[in-house]
Structure formats: C-alpha cells, structure tokens
Amino acid sequence: MTYDFHKIEKKWQAAWKKKGQYSAKDQVKGKDNFYHLVMFPYPSGNLHIGHWYNFAPADVYARYMRMQDKNVMSPIGFDAFGLPAENAAIKNGIHPEKWTMKNIKMMRTQLESMGNSYDWSRMVVTCLPDYYKWNQWLFLQLFHKGLAYRKKAPANWCPNDKTVLANEQVVDGKCERCGTDVVKKDIEQWLFKITDYAEQLLNDLDKLDWPERTKLAQKNWIGRSEGAEIDFAVKGLKEKIKVFTTRPDTLFGATYMVLAPEHPLVANLLASQMKSEKALPAGRQGIANWGEVEKYIAATKKKTDIDRLAEGKEKTGVELKSIKAINPANKEEIPVFIADYVLSTYGTGAIMAVPAHDERDIEFARKFNIPIRYVIDPVTGSPQKNPAEKDKIVALVENAKGEILTINWGANAGGRLLIGGTVESGEDIVKTAKREVLEETGYRNLKLIDVSKERVHHQYFSYNRNKGFLAHTTLVYFRLENNEKDEQVLDDTEKGKFSVEWVTKDQVRKEINESLHRYTFDKFIEGTAYSGDGVLINSGKFNGLTSEGAKGKITEFVGGTTKVQYRLRDWLISRQRYWGTPIPIIHCPKCGEIAVPEKELPVKLPPLKDFKPADDGRSPLARNKKFLHTKCPKCGGAAERDTDTMDTFVDSSWYYLRYVDPKNKKRPFDPLRVKKWLPVNMYIGGAEHTVLHLLYSRFFTKFLRDIGLIKFDEPFKALRHQGIILGPDGQKMSKSRGNVIDPDKLVREFGTDAVRTYLCFMGEYSKGGPWNPTGILGAVRFLERFRKFFENYNPKKKDSDKEIQPLIHKTIKKVGDDIASFQFNTAVSALMIMLNELEQKPGAVGKSDFEMLAKLIAPMAPHMAEELWVSVLKNKPSIHFSSWPKYDAALTKENEFELVVQINGKVRDSFRVPIDITEAEAKKLTLEREVVKRYLAGREVKRVIYVPGRLISIVL
RNA sequence: GCCGUCGUGGCGGAACUGGCAUACGCGCACGACUCAAAAUCGUGUGACCUUACGGUCUUGUGGGUUCAACUCCCACCGACGGCACCA
Numbered sequence: 001m002t003y004d005f006h007k008i009e010k011k012w013q014a015a016w017k018k019k020g021q022y023s024a025k026d027q028v029k030g031k032d033n034f035y036h037l038v039m040f041p042y043p044s045g046n047l048h049i050g051h052w053y054n055f056a057p058a059d060v061y062a063r064y065m066r067m068q069d070k071n072v073m074s075p076i077g078f079d080a081f082g083l084p085a086e087n088a089a090i091k092n093g094i095h096p097e098k099w100t101m102k103n104i105k106m107m108r109t110q111l112e113s114m115g116n117s118y119d120w121s122r123m124v125v126t127c128l129p130d131y132y133k134w135n136q137w138l139f140l141q142l143f144h145k146g147l148a149y150r151k152k153a154p155a156n157w158c159p160n161d162k163t164v165l166a167n168e169q170v171v172d173g174k175c176e177r178c179g180t181d182v183v184k185k186d187i188e189q190w191l192f193k194i195t196d197y198a199e200q201l202l203n204d205l206d207k208l209d210w211p212e213r214t215k216l217a218q219k220n221w222i223g224r225s226e227g228a229e230i231d232f233a234v235k236g237l238k239e240k241i242k243v244f245t246t247r248p249d250t251l252f253g254a255t256y257m258v259l260a261p262e263h264p265l266v267a268n269l270l271a272s273q274m275k276s277e278k279a280l281p282a283g284r285q286g287i288a289n290w291g292e293v294e295k296y297i298a299a300t301k302k303k304t305d306i307d308r309l310a311e312g313k314e315k316t317g318v319e320l321k322s323i324k325a326i327n328p329a330n331k332e333e334i335p336v337f338i339a340d341y342v343l344s345t346y347g348t349g350a351i352m353a354v355p356a357h358d359e360r361d362i363e364f365a366r367k368f369n370i371p372i373r374y375v376i377d378p379v380t381g382s383p384q385k386n387p388a389e390k391d392k393i394v395a396l397v398e399n400a401k402g403e404i405l406t407i408n409w410g411a412n413a414g415g416r417l418l419i420g421g422t423v424e425s426g427e428d429i430v431k432t433a434k435r436e437v438l439e440e441t442g443y444r445n446l447k448l449i450d451v452s453k454e455r456v457h458h459q460y461f462s463y464n465r466n467k468g469f470l471a472h473t474t475l476v477y478f479r480l481e482n483n484e485k486d487e488q489v490l491d492d493t494e495k496g497k498f499s500v501e502w503v504t505k506d507q508v509r510k511e512i513n514e515s516l517h518r519y520t521f522d523k524f525i526e527g528t529a530y531s532g533d534g535v536l537i538n539s540g541k542f543n544g545l546t547s548e549g550a551k552g553k554i555t556e557f558v559g560g561t562t563k564v565q566y567r568l569r570d571w572l573i574s575r576q577r578y579w580g581t582p583i584p585i586i587h588c589p590k591c592g593e594i595a596v597p598e599k600e601l602p603v604k605l606p607p608l609k610d611f612k613p614a615d616d617g618r619s620p621l622a623r624n625k626k627f628l629h630t631k632c633p634k635c636g637g638a639a640e641r642d643t644d645t646m647d648t649f650v651d652s653s654w655y656y657l658r659y660v661d662p663k664n665k666k667r668p669f670d671p672l673r674v675k676k677w678l679p680v681n682m683y684i685g686g687a688e689h690t691v692l693h694l695l696y697s698r699f700f701t702k703f704l705r706d707i708g709l710i711k712f713d714e715p716f717k718a719l720r721h722q723g724i725i726l727g728p729d730g731q732k733m734s735k736s737r738g739n740v741i742d743p744d745k746l747v748r749e750f751g752t753d754a755v756r757t758y759l760c761f762m763g764e765y766s767k768g769g770p771w772n773p774t775g776i777l778g779a780v781r782f783l784e785r786f787r788k789f790f791e792n793y794n795p796k797k798k799d800s801d802k803e804i805q806p807l808i809h810k811t812i813k814k815v816g817d818d819i820a821s822f823q824f825n826t827a828v829s830a831l832m833i834m835l836n837e838l839e840q841k842p843g844a845v846g847k848s849d850f851e852m853l854a855k856l857i858a859p860m861a862p863h864m865a866e867e868l869w870v871s872v873l874k875n876k877p878s879i880h881f882s883s884w885p886k887y888d889a890a891l892t893k894e895n896e897f898e899l900v901v902q903i904n905g906k907v908r909d910s911f912r913v914p915i916d917i918t919e920a921e922a923k924k925l926t927l928e929r930e931v932v933k934r935y936l937a938g939r940e941v942k943r944v945i946y947v948p949g950r951l952i953s954i955v956l
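Start counting the first sequence at 1; every next residue gets the next number (my numbering).
Think of the hints as simulated: they come from the structure by calculation, not from any bench.
Hints may contain errors.
What the hints assert, rightly or not - Computed Cβ-Cβ distance ranges for the label pairs, DEER-style:
| # | residue 1 | residue 2 | range |
| --- | --- | --- | --- |
| 1 | E188 | I94 | 49 to 59 Å |
| 2 | Q840 | S910 | 18 to 28 Å |
| 3 | Y346 | W137 | 25 to 35 Å |
| 4 | N160 | H472 | 53 to 63 Å |
| 5 | W409 | A388 | 20 to 30 Å |
Unchecked claim - Pairs of lysine-lysine residues, derived as DSS-like cross-links and limited to a Cα-Cα distance of at most 27 Å, are as follows:
| # | residue 1 | residue 2 |
| --- | --- | --- |
| 6 | K301 | K152 |
| 7 | K145 | K665 |
| 8 | K207 | K711 |
| 9 | K390 | K431 |
Note that the Cβ used here is the ideal one computed from N, Cα and C, for glycine as well.
Please work from the sequences and hints to get the whole structure.
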C-alpha cells in the first residue's frame, strides 16, 4: 500500500472545509474560548517560507490547544492597503485594487494548502470599504477627543515613495521600505497623540507575557527620563528660556545654553529684527550677528539626518551675540548658542550646557572656548564601612614622545597602573606627586601641566592593612623634561615586584582598568567629561550633597519643576499616497477642520486613473476634483476634502477586534462578542513590528477602553516571535541571490505534513537560521516510518505491554509540555525517540496507545493523523477535536536508572540499579565494582557524594 | 558609544534546579537487499594518541568557585538585534 500524501491531504482539507469544523462558535458548552492569532499577511501574491514558518508552527500550537479542549478561534485575513500594491500597479499598469484582490485569491489557495485550522468565515480584508469605514470611524473618535490633530512641522519625507513617514518607519535615517535617505519637509499632517499614553504604554508592559527583548525595545523606544524644567532669564528680554535637564544637580556648572535652530525664540527675535531692517528697536535686545544665525538655520534645514550623522557628530553652532542668559543658580551671565546637536523635538528644544559633566557639551565648549566648571566630584571604588580617610594623588606623566609613565605589577598583582601615593601631613599636592614619581620611578625633572579642579573620592579595601579606606584623590598631570634619574626609593613590599614602563596611549587605553587611574587618563588625555554621580563642589550652599540628594533641592531653589520626559513622539499617520484609507475630514474656509458626518461614512476611495504620487507633496486624491470639492457639513459652503490617506498601521491596529465580528454593518464590532474572545490569548508573528504594529495596537486598545468600547487595556496577553529562515548559504533570502526556498515546491515534493513537521523540527522557533535542503528528508522519513508502524495495529490487542508504559507516558508529557512552551523541535524529537524504541517492539503496543500515537502527531501532521485515525483505527473524524492524551505521572517514572560512578571528577563506571536504592546500598555496590576497586587500590577515600537517581562521586 | 541576546561535532541543534556533554535529525563511511542504481534496512561517526585494552583533550578565549561547570562568578574576543547628539 502506498501513501499518496497529495490525495490524502487534499481529501481531508476538503472534508474539514465542507464540515466547517474550524469555524469558531462564540460559545461552546463546557469549553473555554481561546483566541489564537497570527499576524495577518500583506497580500504580496506569494506565500513565502517566512509565512510558513510563522503560520505552520503557530497552527501546531492552535491544534494542541484545541485538543486541550479549548474552543479555539484562529482567524486569518489580509493587510491589504499599502505601498507595494501601488508600486506594482504603477509598474504593471493594473489598478491596485485589481492587483490586490487577485493576490488575495492566489494566496488564499496557498494558505489553504498548509492545512491550517483557520476560520475563513471571519476573513478580514482591510482595503474593502466595509473595513476601512471603521478606520475612518475610529479616526473620528480620536479626532473628537483631541487625539487626532493636524499640524505643520518638519516631517520625515521619503523622496522616492513621495510620502511622509512615521518616526517608527525611519531606520537609520532611511525609509524603512525603500532605503532612500529621508529628508525633512514642512507639510501639514495628521498625527495621533500616542504620547498621551506614554506612561501607560510603559507601565503595562510589566504584565504582558511577551519576549523580554520585545518589551525592552518598547521601553527604550518610549524612553522615559526623569528630570526638571528650569527657566533661564534672558537679559533685556521678557521671554525666558525653559530647559529640560536630568541633571539639575549640575546647574552651577552650566556655563552656556543651546537652543535648537528651530526654537521659537530665535524665530521671534529674527522676525522682529527683520521688520526693523537690522536696526534694533531702542531698548530691545537683539541678535547682533543675525545674518550668520539665519544662515546656520537655513543650513540645518537642508541637512538630512544622514548628513548629520555623516559629519561624525562634529559639533557645529553659532552664538547669538549680544544675547545673554542668566544662570538662575549663581546669577552669572552666560552665552546662548544655536546648534543642531539640540533637537527641537525633545524636551523644550533648549538645554543648559554643563561641559564638565556632559560629553557633548565638553566637545562643544572646547570648540568655542567656553569655560568648563567642575561641580561634581566623582566617587569611584566600592563603598566601605567606616573607612579611614586620607588624601592621595594620582600622577600622570607624559614624555616628549607622548608616551605615558606606568608601573606594571604583572597580570596577577594589579596589572598596569599610573603612579599613585598618599599625601603626608602638611605636604603640598604637587610636591607629593613629584615625590611619588621620584620614589617609584627615579624620574626627577617634571613640569607641572595641570592639577585637577575636583578630587576623586575613591573607596577601597586594603588587604595589606585589612581595612577600608576613603581616599580623596587629586589628579596631577606632568610632562617629563628629560631622562635624568635618581635611585628609586622602594620598600620591601615593592622591590622587584614591578617594572617601570613607558607605554603608548593605546596600551593605556587597553590595559589600565583600575577605576581611579582610568579616570585620570580619561580626564587629561582623552578629555572626557565625568557624567556620573558624585558629590557637589563649587555649588554654593549645596556643596557636599550627593547628586541624588541635590537634584530636588537645586530644582526647588531656582523655582523649577520636576518633569518626566518621553522620547516617544506622536504618531504621524498622513500619507500622500493613493492606496489607503481616506481621512474623513473636510476643510472649510469658514469652519476649519470638520469631521465627515458618521452617516456619510465610508468616504470611499475614488477610482482614479492616475494614482502616481506627486512631487509637490500633495496626495493623488487632490487631482480628483469630484472627490476634492464638497460642501461643508456645518455651514453648507464650498469646502475641500482632506486628500491624504492613513498609514496602513492604522488598519492593523485593530483588525484583531474586527475578526470577532467581521460582518457588523452598524459598528466596528459588538462589544459583547469582543468580551467573549479578547484579549488575544496567543499572538504569533515577527519581531520586526516591535515598535510599530505592536505599539500602535496597544495604544488603540487603551483608547478604545477609554471611550468605553472595551473593558481591557492590553490587546495581546501572550506574544511569541518566530525567527527568520535564511537561505542555504546562511544569507538573507532574496531573488537576486537566488537562495529563495519555495514552499509550494516543497509541498509538491514532500507534502504539507512533512513541511510542517520539518519547520517544527529545524531548530529553536524564535531563532530561525539557514535552510538545510536535505534536512527535510529527516521529517519525510520519520512520517513515513510513523505511518508504517500503524501496520502493526491489532484491534484485538487492548493494552500495551508493561515495559513500554514509561516511554509512552513520558512522551505524552514531553510532547505536550514542549508544544505549550513553543519548543516544537524537541517535541518532534521526543516523538522520534519514541518511534525508534517502539519499532524494536512492534507487537507491544495496544489499541488505546495507537490512538494516543495518532493524537500526539496530529498537531504537526494533521492530515496523516486524521487518515490513521479514520482508516486504520476506524474512528469517526475528527481526531482534531479529540482530547489530548492524559499521562499517568506514576508511569512516567522508570524503576531503574543508570548509576554513574565518578572518581576524582571523572566518569569511570556505570551500572543499573533500582530507582529506590538507598545511599548505603549504592555505596556498597559501587565499592564492589571491579573497575572501582582497581582505581581505589592502595588509596584512601576522602569523600563520597551520592546524588539520588544520578551518580556517586568518589574523592580520593 | 549605551542596552539586550547568543557563541556546543562537518551542519541544524539537545542537555531539568550545577550531576554521564554532543539526545534527535542531516551529512558521511561501511554493510545488507539489487544484475545495477534509487529507495529501504543495519552498523559506525567530536578530536587526538594506541595493533589492542585503554588513555588524554573538548561546549568562543583566559582565569576562578566546586567532589562535579555548556550551566555560577570575573575579564576578554566574536556574531546578531535594538537605541543612538534624547540633555
């Protein structure tokens, strides 16, 4: 009998479809609902192996949950709006709708060939008016709540796709889709105020069963930071400059300010000056060098993010001459600059600059010769209990060649260090440093270059003196004048223990790890700022406080307020493209932005002949006069429709709700039906949507909760990602490389069940990896052997032999546990191990265990399992609605185990013993073993460790 | 630069809570069946030394803790992913 997998797979697919067995009812008596969801595909027209890797193991999980007696809903649909349809349409001259619908038809056939347990009756296609009507409706709900707003501001513009993009769609300054450099362009655009939900989006991550790295990526994307807003007065102006800072403790060190080039204050000053044609109004403070300032602003506008990155972060900027701000802490006048290293989109678009304690500020300050004032003493080392205090120095000595003087204690005794020492009572700092250099190295002619303005408070434990110290260390920087040397002055603990070496700066960079010495080098040679916490100095009455303690106090002192800032920006949803949901807004010259009345929804996408994007940033819809011109719903006057379409991520932000009630004509969904299914129990898809779809969906859910449509605040309780399958060459699959694996071909050759099984088996699900062209043969052979084993089925033999019980029950447990935890590879492996064993004892398996075997393989190979279930075991379909076999915990245990004997940590022997052997018995048997005797001959046993059920370890 | 994940045979990978590293599969070699080949079945397969019995080494590198380390600690190297002038 040959097994025609094509025929059988087709047969069962047709049978399941006819019966509609995967169409989920909203309620089934005695069963809990389980919403199982995969990320719906974009209808590109071709189901690739990546889709398979997402959907096939996901279906294994769904089928397993169904056999756990859940009422499983596993819907599918198409994310059908978007650029590729348009681009393909432009290229091939077909209408995007035609192209899309044709692809959907094709992909549906491909999807059906997978044999997944999809509920096709709930299919959602986002480009159809009965879906996007509700996009528009939801837009209007956001609009009414003030959460959808329009604004003109520099947006990310892709010159190739000729549309604006959301922040999330710009990757490394390039368009996520086509890789073109994104430029800034001023356009009126619609945004959703996702930032209102920043706090909730951050906090609620904690309660999600999501991969940690995904949660972390969202956390970073939202980017919460705590700080203060502080006003700086400007001499001669009413306006104040508000800054956001996370380090109010460093306020006394703020020696200048920087405004973003787009900061409104600059624009205002320039505007008032232009009106008066350079001449400033009497008594009014202005910008003396306004021409230069304007030029810089213009230059900034032209730059793309790529340009800015390409400049290697070299700081540029222009001072606003004759403008002075007042540092509110010490009332000092400080200069004000504009520079593009300050972003207009973050905080207040202005900063106080503290060069001594900020990397970026020190770089800028050096370039523009701005004073650097130290206000934080670093604290290094590890805290000690009641440390003894003393003053110390660290000396950095550089010679004419630029080499650094070090002493090397060797790898096991402290490694490479600079010169350090203790200040003796009454001794001067510089003198101490010179003395220490002389004593340890003999060099005596040193020229002082610099002494640090701050001291480093270093805590450490001295093993020599067995006690903790707190050393207040001053850093001293010398240049060696000449090589004249005296004798070293060393004590017994030092003699011959270290060598004096001149080394290059690179070597210092690599080899000096000791924190204090490292810091000395970084400060003088690398010129880096200290951005860590510490103790305040040069800060008036706040001296001596810790950074943490000073933050609140200084903020209060200058009348600032504490403030939480987020990195997250509002979600820009306007697209100047054709193939998307029209924005349901009418622009009336009298009434402004007016919502299209709900009764008039959907605003249908007009059939357009020319849907190419325009260079001027206007949507193609603007060219359709019939669409464009309308009446204002409020005043009845002539008005224009908004001609932008929505980002397709709007569509996918709520599709999982529509699946529950896909044909509802009155509302996006019936809340009562939603209540039965949501939140989604298990969501499976790629990790590439971490800060896009997965964030937006969470935002939509929270909004829908706030307007009372739903009662939960997170859409996806659990989330799992599949990895990416690479080509056989280990490279990303691409047509140009010719390493693309075609799943349709695999199905023709090996059958759906084999492809599914191999995808499960090939490796860790979330990891992916290269495709092994011969690897699938393993799955093919395994399924064939599995099926053949059923030739041993004897309906008269009721129960299995006792000896195979542990194997069978262990396997039931293992396969179930593994599928539940997405370890599909080891689930398949366990089945292989079981089959290998059973093939040795073909007659040992009874009727009920044959049924069990079919059930265990049913999630992976649903067609073959159903065939065995019906044709061989003579059961009624369908195996997929039978219950997963229960294992008997008592039977999973073997009654013997292999006791391993280790002698001095090495395995020397092993033998089988009863599982309940006592320690004494095990020891006795071990010592009687010939091999063991041989090793023990004439030696004393020091220790014996017995680990029940595992091993016995003898130490000689 | 910061944050995160991960490094195990020729390859994909397994290993519970520190307890026989390399399960399972691919590939390869040999054998059986065959006129022959494919398919199938059987045996072997980390490296090195050894005729053999057996021994030594091995989970990115170097150190440490332990009777025992892929697993824990420290330092480093490499790959991948996220963020990146975010004040």
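Hint-by-hint comparison with the structure:
{"no.": "1", "hint": "E188 to I94: 49 to 59 Å", "verdict": "violated (32 Å)"}
{"no.": "2", "hint": "Q840 to S910: 18 to 28 Å", "verdict": "holds (22 Å)"}
{"no.": "3", "hint": "Y346 to W137: 25 to 35 Å", "verdict": "holds (33 Å)"}
{"no.": "4", "hint": "N160 to H472: 53 to 63 Å", "verdict": "holds (60 Å)"}
{"no.": "5", "hint": "W409 to A388: 20 to 30 Å", "verdict": "holds (23 Å)"}
{"no.": "6", "hint": "K301 to K152", "verdict": "holds (15 Å)"}
{"no.": "7", "hint": "K145 to K665", "verdict": "holds (24 Å)"}
{"no.": "8", "hint": "K207 to K711", "verdict": "holds (16 Å)"}
{"no.": "9", "hint": "K390 to K431", "verdict": "holds (16 Å)"}
When the structure is compared with the earlier hints, a violation turns up for hint 1 alone.
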